[in-house]
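2 protein chains.
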Amino acid sequence: MFESAEIGHAIDKETYDAEVPTLREALLEAQYELQQQKRFPVIILINGIEGAGKGETIKLLNEWMDPRLIEVRTFDQQTDEELARPPAWRYWRMLPAKGRMGIFFGNWYSQMLQGRVNGDFKDPVLDQAINQSERFEKMLCDEGALIFKFWFHLSKKQMKARLKALADDPLHSWRISPLDWQQSETYDKFVKYGERVLRRTSRDYAPWHVIEGVDAHYRSLTVGKILLEGLQNALTRSSLHPDKVNAAPLPTQAVDQMNLLDSLDLTLRLDKDDYEEQLITEQARFSGLMRDKRMRRHALVAAFEGNDAAGKGGAIRRVAAALDPRQYNIVPIAAPTEDERAQPYLWRFWRQLPAKGKFTIFDRSWYGRVLVERIEGFCPPADWLRAYSEINDFEEQISQSGIIVVKFWLAIDKQTQLERFQAREEIPFKRFKITEDDWRNRDKWDAYRGAVGDMVDRTSTEISPWTLVEANDKRWARVKVLRTINRALEEAFEKSDKKAKKHKH
Amino acid sequence: MFESAEIGHAIDKETYDAEVPTLREALLEAQYELQQQKRFPVIILINGIEGAGKGETIKLLNEWMDPRLIEVRTFDQQTDEELARPPAWRYWRMLPAKGRMGIFFGNWYSQMLQGRVNGDFKDPVLDQAINQSERFEKMLCDEGALIFKFWFHLSKKQMKARLKALADDPLHSWRISPLDWQQSETYDKFVKYGERVLRRTSRDYAPWHVIEGVDAHYRSLTVGKILLEGLQNALTRSSLHPDKVNAAPLPTQAVDQMNLLDSLDLTLRLDKDDYEEQLITEQARFSGLMRDKRMRRHALVAAFEGNDAAGKGGAIRRVAAALDPRQYNIVPIAAPTEDERAQPYLWRFWRQLPAKGKFTIFDRSWYGRVLVERIEGFCPPADWLRAYSEINDFEEQISQSGIIVVKFWLAIDKQTQLERFQAREEIPFKRFKITEDDWRNRDKWDAYRGAVGDMVDRTSTEISPWTLVEANDKRWARVKVLRTINRALEEAFEKSDKKAKKHKH
Numbered sequence: 001m002f003e004s005a006e007i008g009h010a011i012d013k014e015t016y017d018a019e020v021p022t023l024r025e026a027l028l029e030a031q032y033e034l035q036q037q038k039r040f041p042v043i044i045l046i047n048g049i050e051g052a053g054k055g056e057t058i059k060l061l062n063e064w065m066d067p068r069l070i071e072v073r074t075f076d077q078q079t080d081e082e083l084a085r086p087p088a089w090r091y092w093r094m095l096p097a098k099g100r101m102g103i104f105f106g107n108w109y110s111q112m113l114q115g116r117v118n119g120d121f122k123d124p125v126l127d128q129a130i131n132q133s134e135r136f137e138k139m140l141c142d143e144g145a146l147i148f149k150f151w152f153h154l155s156k157k158q159m160k161a162r163l164k165a166l167a168d169d170p171l172h173s174w175r176i177s178p179l180d181w182q183q184s185e186t187y188d189k190f191v192k193y194g195e196r197v198l199r200r201t202s203r204d205y206a207p208w209h210v211i212e213g214v215d216a217h218y219r220s221l222t223v224g225k226i227l228l229e230g231l232q233n234a235l236t237r238s239s240l241h242p243d244k245v246n247a248a249p250l251p252t253q254a255v256d257q258m259n260l261l262d263s264l265d266l267t268l269r270l271d272k273d274d275y276e277e278q279l280i281t282e283q284a285r286f287s288g289l290m291r292d293k294r295m296r297r298h299a300l301v302a303a304f305e306g307n308d309a310a311g312k313g314g315a316i317r318r319v320a321a322a323l324d325p326r327q328y329n330i331v332p333i334a335a336p337t338e339d340e341r342a343q344p345y346l347w348r349f350w351r352q353l354p355a356k357g358k359f360t361i362f363d364r365s366w367y368g369r370v371l372v373e374r375i376e377g378f379c380p381p382a383d384w385l386r387a388y389s390e391i392n393d394f395e396e397q398i399s400q401s402g403i404i405v406v407k408f409w410l411a412i413d414k415q416t417q418l419e420r421f422q423a424r425e426e427i428p429f430k431r432f433k434i435t436e437d438d439w440r441n442r443d444k445w446d447a448y449r450g451a452v453g454d455m456v457d458r459t460s461t462e463i464s465p466w467t468l469v470e471a472n473d474k475r476w477a478r479v480k481v482l483r484t485i486n487r488a489l490e491e492a493f494e495k496s497d498k499k500a501k502k503h504k505h
Numbered sequence: 001m002f003e004s005a006e007i008g009h010a011i012d013k014e015t016y017d018a019e020v021p022t023l024r025e026a027l028l029e030a031q032y033e034l035q036q037q038k039r040f041p042v043i044i045l046i047n048g049i050e051g052a053g054k055g056e057t058i059k060l061l062n063e064w065m066d067p068r069l070i071e072v073r074t075f076d077q078q079t080d081e082e083l084a085r086p087p088a089w090r091y092w093r094m095l096p097a098k099g100r101m102g103i104f105f106g107n108w109y110s111q112m113l114q115g116r117v118n119g120d121f122k123d124p125v126l127d128q129a130i131n132q133s134e135r136f137e138k139m140l141c142d143e144g145a146l147i148f149k150f151w152f153h154l155s156k157k158q159m160k161a162r163l164k165a166l167a168d169d170p171l172h173s174w175r176i177s178p179l180d181w182q183q184s185e186t187y188d189k190f191v192k193y194g195e196r197v198l199r200r201t202s203r204d205y206a207p208w209h210v211i212e213g214v215d216a217h218y219r220s221l222t223v224g225k226i227l228l229e230g231l232q233n234a235l236t237r238s239s240l241h242p243d244k245v246n247a248a249p250l251p252t253q254a255v256d257q258m259n260l261l262d263s264l265d266l267t268l269r270l271d272k273d274d275y276e277e278q279l280i281t282e283q284a285r286f287s288g289l290m291r292d293k294r295m296r297r298h299a300l301v302a303a304f305e306g307n308d309a310a311g312k313g314g315a316i317r318r319v320a321a322a323l324d325p326r327q328y329n330i331v332p333i334a335a336p337t338e339d340e341r342a343q344p345y346l347w348r349f350w351r352q353l354p355a356k357g358k359f360t361i362f363d364r365s366w367y368g369r370v371l372v373e374r375i376e377g378f379c380p381p382a383d384w385l386r387a388y389s390e391i392n393d394f395e396e397q398i399s400q401s402g403i404i405v406v407k408f409w410l411a412i413d414k415q416t417q418l419e420r421f422q423a424r425e426e427i428p429f430k431r432f433k434i435t436e437d438d439w440r441n442r443d444k445w446d447a448y449r450g451a452v453g454d455m456v457d458r459t460s461t462e463i464s465p466w467t468l469v470e471a472n473d474k475r476w477a478r479v480k481v482l483r484t485i486n487r488a489l490e491e492a493f494e495k496s497d498k499k500a501k502k503h504k505h
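The listed protein sequences derive, respectively, from chains R and S. Residue numbers are given in my numbering: position 91 of the first sequence equals residue 91, and the series is strictly consecutive. Residue numbers are given in my numbering: position 148 of the second sequence equals residue 148, and the series is strictly consecutive.
The hints are simulated quantities; they were obtained by calculation from the structure and are not laboratory data. Be aware that a few hints might be false.
As the list claims (entries may be wrong) - Pairs of lysine-lysine, DSSO-like flavour, derived with a Cα cap of 30 Å:
| # | chain 1 | residue 1 | chain 2 | residue 2 |
| --- | --- | --- | --- | --- |
| 1 | R | Lys433 | S | Lys225 |
| 2 | R | Lys98 | R | Lys59 |
| 3 | R | Lys13 | S | Lys358 |
| 4 | S | Lys358 | S | Lys502 |
Could you build the full structure based on these sequences and the hints that come with them?
Next comes the structure, spelled out in structure tokens:
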């Protein structure tokens, strides 16, 4: 894999000096075109052997191009705000917006390689990390991002010579690498695991470019040309991501017309006394669980979806009422803002994730993609079709970091909805809750039923199951929501306890 | 100041139960109206004596109103990301957007009171903090924010009784107050300094409301009614902030037609050899200063303003070229995004402030308010007139936290601009740089001259002086910019050294 990067590539100064001016102009032009189009972001990953010219190349790119449109991101020590959230959060928050370039130095690849070389974990964990990166990059590309991955390479001999030269240069002495590159063994391991990583993450949508790092002219010209070609190519593409869908279309309903939602018993109800007793019991239990010291290693995310007027707001208020307002944060999801539209779809949810010990309630959620966006045609089928697996990835990632995810679909029947709409129109302070949109959505009742069925089938996982809530009776729904949350917390705590016990033995 | 809040205010349950439903409905209606209008944010500050019902009130407000439109913010321990930035950064980043409500618990008042009661500092520092808060709130109100400040009060006797009751309540045992309220002395001091703070920060635009905290019915009803009245009042105001300007208008030019910019000698230039030598010298000096270990206690902010085509971009690139791209961040300022428009004017700059040791370059800056916005009439005179002092406050605050601020106006004459515009239109990769807007701005040349004069007169301060850069010769300009930055860094380091020395003796 690194063979061609150890053969002594070199470009003489004359050729270099002759080629650079044209290259620079073309790069600048491409960069301004990128900014004008604002159609996609460019992400440049810089990895490789110590001393192979990573830092120099970043510096050069900033000189050649307009640095005002480039963001250089380094990921050293995690801050405490980052440590309190899933590992990928720090990358999500640093993504460049459409029209801009982000150079990621010390990215997810450096992290997994350092960990493996250091012996912090073995191959299975490395492979998990590789797999996650692959999915992350695939998602970014599907969202339109243009990714360049550069691996700067040196042979062991070349590296040793280079490190010696750098050690004498005061401009470089301040750099700290977490790995001890003076050791032969470090190089060997790095190259070995590096090959594994490159092999498995070099994909059509985001291939690796291995660059021999010895000769600065060769290195710079090669990187510049790869960038230019990739940029020009992407800028003239008419469409950002594949619109065509290879899979057969999802049937809007089953051949026997049966739907998952039919299986719900919407007559379930609680009388007032039972409700008040059970509500208070579950609220107290919830309050206790949230103050449990095991909660410090977890966080809670609840996503509320449901038919219009199904009572999401009321259920959320009963959940919130159990807590001190400092423990939770409610995020109402409406149309994305300009800043949010300039980022991948899931970005707005990533940035709202709770820190350890905290609770975020999403009033509507990332499932909008496969509900309203699917039904209203706000995004092409290719986008919402891939959303199912992107969402599963997202929930898996955040679960792994200790976030407990609960998801509710509050279901009512069509008649109940009608009655509630009419009632809302009559109560002054509820008039705001009912709009033309609500009436229009109602006409799409069946389309929503189909979409909900698909959504639950494809995203109800062991890690994060859907809970369908019979909500014709608001009391029943509220108690069921709280009880579900409580069970999820208890299960998570039990699992942690078991793990802790296992470690003790 | 607290007399009326120790007289045993109370409301019987019957009255309370009778009044609450109407109050809640009206509050909800006001809240939805607020969301619909999206004209201003609501900020609610909660302060006062321990045990006087602060937490309970926040909880109640979340129950009475729609919690999805409320953000409860607590400010406990600073995170390391907050510690690396000016103290007010943590409040700026948590401001609610227009149409939303933010409840700030543990806000700037708690911080200053705790510090003073603990004896961390004396009255002069307290007064500085008071003064800063005043200016901050004034700015927020001028930007349209509606601020409520509640002080929950108890007499000492009442507090002791209350703390005893709370100690027995398991739901409250987890609360930690950084002050030891069991001590009589704590109460006395808190009330003493509290009075000082309330007296000096109760202003027409954001008065304090002192609420007796003993009786929950009284407390809740009072807070609810104050909120409702304030909200209703603000929602029906036709204009958010005073449009009328009391001061006489600024003359567009001096009676003798002389302008500060006339005093510049635009013939200043460097020949190529001098330029190259001096540029390299200054870049090396700059690189060294940025790696100086004293830089760890500072950060650097450079704001670039100037005539169109004055060479801001080129100067910025020469500055950046001296550094490792990981040390700096360039922020181009264009029209604000939707998220930014939902916040006070300075918000977008606050959020880009560098952490300790880092450098942020603003390509155009917060001075847009008194330049383009003033001249194009993007904001009423009242807004840009107050901007001068808001900007001075902003720069003073960030300077105090160790940020070194340098500001450049790159000046060219009208003929030079014309030549550069024409040249740009001919070079392919520079065509992007010249737009219709540039030609239109050129017609307003004299208006800009006047505005620049006013800007420099009003915001060139000892803390953060303006540097006018003669930029007809790009070489001269670039070297002057770098040299100015270097001097600013050296001066700041010398000051730190002197301070350190003083402390030693």
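Each hint, compared with the structure:
Restraint check for R:Lys433 and S:Lys225: the C-alpha separation of about 24 Å stays at or below 30 Å, so the hint holds. Distance hint between R:Lys98 and R:Lys59 is fulfilled; the C-alpha atoms sit about 22 Å from each other, no more than 30 Å. As the CA atoms of R:Lys13 and S:Lys358 are separated by approximately 35 Å, the hinted pair breaks the 30 Å bound. A C-alpha spacing of about 27 Å is found between S:Lys358 and S:Lys502, which places the hinted pair at or below 30 Å, so the restraint holds.
Checked against the numbered hints above, the structure breaks only hint 3 and satisfies the rest.
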